[in-house]
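Protein chains in written order, with the working numbering: chain A, 103 to 460; chain B, 47 to 619.
Derived from the structure by calculation, the hints contain no laboratory data.
Be careful, since some hints might not be right.
Okay, the calculated bits of chain B under chain A, using three or more residues with CB under 8 Å as the criterion [to be verified]:
id	stretch
1	190-202
2	235-242
DEER-style ranges, computed between Cβ atoms [unchecked claim]:
id	chain 1	residue 1	chain 2	residue 2	range
3	A	LYS279	B	SER366	51 to 61 Å
4	B	TYR151	A	GLY285	35 to 45 Å
5	A	SER116	B	GLY74	50 to 60 Å
Glycine residues also receive a C-beta, built at the ideal position from the N, C-alpha and C atoms.
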Amino acid sequence: MNIELKDIVKSFGSLEAVSHVSLDIKDGELFTLLGPPGCGKTTILRLIGGFHEANSGRILFDGKPVMGKPPYERNIGMVFQNYALWPHMTNAENVAYGLKIKKVPRNEIVERVNHALGKVNLEGLGDRYPGQLSGGQQQRVALARALVLNPGVLLLDEPLSNLDAKIRLQVRAEIRKLQKDLGITTVYVTHDQEEALTLSDRIAVLNHGELQQVGTPWELYERPANPFVADFIGINNLIPGEIRETEDNGKRAKVATKFGVLLGACDSRLKIGDKCTVCVRPETAAIGERKNGASENMIPGAISFASFIGNTMRYDIDIGENTILRVDIQNPRNHSPHDIGDKVNVVFSTATTLAIPS
Amino acid sequence: MSFENGEATLSGGATRLWSRRNFGGLAGYAGIWLFLAIFLIYPLIRLFYDAFTDDANAFTLMNFSDFFTDTYYLKATINSLLLGVATVITTSLIGIPFAFLLLRYEFPGRGLFSYLSIIPMIMPPLVGVMGFVFIMGRAGTVNVILMDYLGFAKPVNFMYGIHGVLIVETLHLFPLMTLSIVDAMGKISPSLDEAAESVGSRGLRKFWDITFPLTTPGYVAGALLVFIWTFADFATPLVVGIDDLLASQAYLNIVQFVDRRLFKMGIVISAIMILLAIVFLIVAKRYVAQKDYSSLSYSVIERRTLSTAGNIGVVVFLSSVLIAAFIPYFGIILDSFGKGWALTPFPVKYTMQYFERVSIETPKFILNSLLYSGISVAICIVFGVPIAWVMARTKLPGRDTLDSLTTLILALPGTGIGIAYLRAFRDPFPFTETALIGMWLVIPIVLGIRRLPYTVRGTFASLLIVHKSFEEAAESVGAKKTVTFKDVTLPLIWKGVLVGSLYSFILALQEASATLLLVVPGHEMMPVGIFNFYMGGSVNEAAALGLILIVLGAVCLFAINKITGAKAGGVFG
Chain A
103 MNIELKDIVK SFGSLEAVSH VSLDIKDGEL FTLLGPPGCG KTTILRLIGG
153 FHEANSGRIL FDGKPVMGKP PYERNIGMVF QNYALWPHMT NAENVAYGLK
203 IKKVPRNEIV ERVNHALGKV NLEGLGDRYP GQLSGGQQQR VALARALVLN
253 PGVLLLDEPL SNLDAKIRLQ VRAEIRKLQK DLGITTVYVT HDQEEALTLS
303 DRIAVLNHGE LQQVGTPWEL YERPANPFVA DFIGINNLIP GEIRETEDNG
353 KRAKVATKFG VLLGACDSRL KIGDKCTVCV RPETAAIGER KNGASENMIP
403 GAISFASFIG NTMRYDIDIG ENTILRVDIQ NPRNHSPHDI GDKVNVVFST
453 ATTLAIPS
Chain B
47 MSFENGEATL SGGATRLWSR RNFGGLAGYA GIWLFLAIFL IYPLIRLFYD
97 AFTDDANAFT LMNFSDFFTD TYYLKATINS LLLGVATVIT TSLIGIPFAF
147 LLLRYEFPGR GLFSYLSIIP MIMPPLVGVM GFVFIMGRAG TVNVILMDYL
197 GFAKPVNFMY GIHGVLIVET LHLFPLMTLS IVDAMGKISP SLDEAAESVG
247 SRGLRKFWDI TFPLTTPGYV AGALLVFIWT FADFATPLVV GIDDLLASQA
297 YLNIVQFVDR RLFKMGIVIS AIMILLAIVF LIVAKRYVAQ KDYSSLSYSV
347 IERRTLSTAG NIGVVVFLSS VLIAAFIPYF GIILDSFGKG WALTPFPVKY
397 TMQYFERVSI ETPKFILNSL LYSGISVAIC IVFGVPIAWV MARTKLPGRD
447 TLDSLTTLIL ALPGTGIGIA YLRAFRDPFP FTETALIGMW LVIPIVLGIR
497 RLPYTVRGTF ASLLIVHKSF EEAAESVGAK KTVTFKDVTL PLIWKGVLVG
547 SLYSFILALQ EASATLLLVV PGHEMMPVGI FNFYMGGSVN EAAALGLILI
597 VLGAVCLFAI NKITGAKAGG VFG
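Take the sequences, apply the hints, and build the full model.
Structure below.
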């Protein structure tokens, strides 16, 4: 099912939770709403589900308006953040309930419930109560309950946030596989950028109720539209500057910053003289000297903090002007660690440096 | 209903406190147990001892076989059970929609209805039934209008009979049901409801399949209280001329001094009532313990708005219930100010003389009420706060029993405990000629015991919210135990203690079962005065005293509302 949101506004009292958001979610894709707490992502999900009504704007399912329709007339399947399994019903009863409401014949109900529980690897646990299952298992019951009705769209509200880290990875993979198998249009809400990047076909980044950027994980990572997206997606080093000159039809630019002139790729919206932000990903930066002939930027500084994270050695480098650059040395096996206070140079390739509008 | 869902944060710290201050702490704990042993456990044991022995103190089952072979008593038992069940049904029919509408829907006057819905509870049933009789009775306003203006030949019997008792108890007790359901529903995550909607369940179907089953623990707790309060009330039935109920028979048999056998039957009836109450309590507790669905999430649900027709329907429903529930207030007000009110719809003259009579001329009712209720609340605080603390913060042996005992008190019929006291404390103290029965002190003590659960629950609920880590945090920055209690715990729990105590106070003022039995001449409280005035024909004085009692209750309730913002379900649930 294809879902369109057109200029949606939703306020709670004086707070505008969703501000003029338009989205086009394609049939069969896993679409993620990503943003910090309070950015409006859950509100959008609930607007799609019919648990809230928008103050203005239109929502279309396969081109047909659904505004004003209650959840049960929208053909949705929802998985709630706390699972919302009914504690007074067994797991099978939880899954079967929607079918009972729809007056599906009894033997068909049994068959479909077993099939749904099988799909989420919970055969044989139907007679237990939700309270007797682990968090990951409850999550799957909730998933089965939503899927058994063959909904047009599956809505997932931070489904992994109550699980511990190990199980989270496992359930994440299962959700992705199930979604691909079924080819069901899915809207997924999360505040975890890594989760969003690994799961999604496309991602919408939100902040303060406003849409920041929509794109594939690759597009968001390689071409963040603004500093908020860049920061949220994990590019921690942002240096303010101004476009000095452009090259290659505006695809590359020299940017004047407090730390000297930096070279890099340039967002096509930027013109000479524009204020901009230079993004440097921690894992593409290194500590050392500019190699002869290499096309690299270099900024001198002093190590202010170092931490060992197993597969990564992470340094925070004070480059003056109250600015810290982060450098992640991956596979630090052959790396001889620096001490705090050491004077070092941060070097990063001009190919991975990107100037975006501030 | 139970304390299980707030399983105390078991504290090494508190246990250490006990060992460090071994002597003082243990002496205090022993004091609590001594108090409960003397004034709760001993009277009950004494009552059962009497019920199972003959005049020669030999064990016998004769008393019970007399009871169960007497068709009149059997009929009274069945009547009492039926009345209790019927009241549970009627209060459910009103209380559940009331709670559901107040919680889930937005409609004109919602806040006002929410506030007013609790008011009927401050009307003691004894006063309520009088107020109903003034308006709906044989010569009440409604019947006078029906006969004089609408040509009815005979008065309509609204009140006299078991249906009158049912009406009075229903309109008095439905708020208890509403409070229990509101409390239970508030603890259920709204997403459970939304999940039902997302799979196509809605309206009544959703209510029966999802919402109501999840509130059953709260519902069962409320239903049990409604059942037992109705079951134990003898004053209301007597006012409308019903005496073939267990509670009424117990009272009548005990207050007569002629027939020893009847007196014995009074004791047997109380024992049976207490046993029944305990059985119901255990069944309810079992049920509730199995099904605790509260998520403690307290998330806010978006209230639905209704269509115009829906709005009108809701407002009409709520208004009619409340108007019916307020009928006795009109009756009491009219009769306490009205002079020469007979055969007219409303009084012809108004006067203050009845208030003068019950306040200035005979101030003892009001003064005694305030004094004894005050002392009983002091008892509640002195014993109730430590009991709550022990339950919430320690692993001391006996804390589960304390929990059970305080719950038991809630379920004990007042008539039963009154009669138990009569048997237990009638013998003089050693070397004297005075017995506790006959001293005024027995009244605040029995009130203190009867109202103890409200203070315990109010305090316990507050202590649960004060997580142990708050106290540990204070200790970690160097505050001693006593300083921690004063600076951290007390500021966070005093509201709960105060609210619990105010409920204890209101209900002590209104107590009209145990106090009617234990009445000490010259030391009567207001409900005793009301009952005696009414039964003796001084109806206006009874009404005036009743109105004063209502006003006192209203003042306390207003204070509770100010303190808590109208959330009080936990005290009863």
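Between the beta carbons of A:LYS279 and B:SER366, is the distance compatible with 51 to 61 Å?
holds (58 Å)
Between the stretch 235-242 of chain B and chain A, are there enough contacts, at least three residues with CB-CB distance under 8 Å, for the coverage claim to hold?
holds (count 6)
With 35 to 45 Å as the target window, see if B:TYR151 and A:GLY285 comply at their CB atoms.
Taking Cβ atoms as reference, B:TYR151 and A:GLY285 lie about 40 Å apart, which means the hint holds.
Do the beta carbons of A:SER116 and B:GLY74 sit within 50 to 60 Å of each other?
holds (52 Å)
Within the stretch 190-202 of chain B, is the number of residues with a Cβ closer than 8 Å to a Cβ of chain A three or more?
violated (count 0)
The structure shown violates just one earlier hint, number 1.
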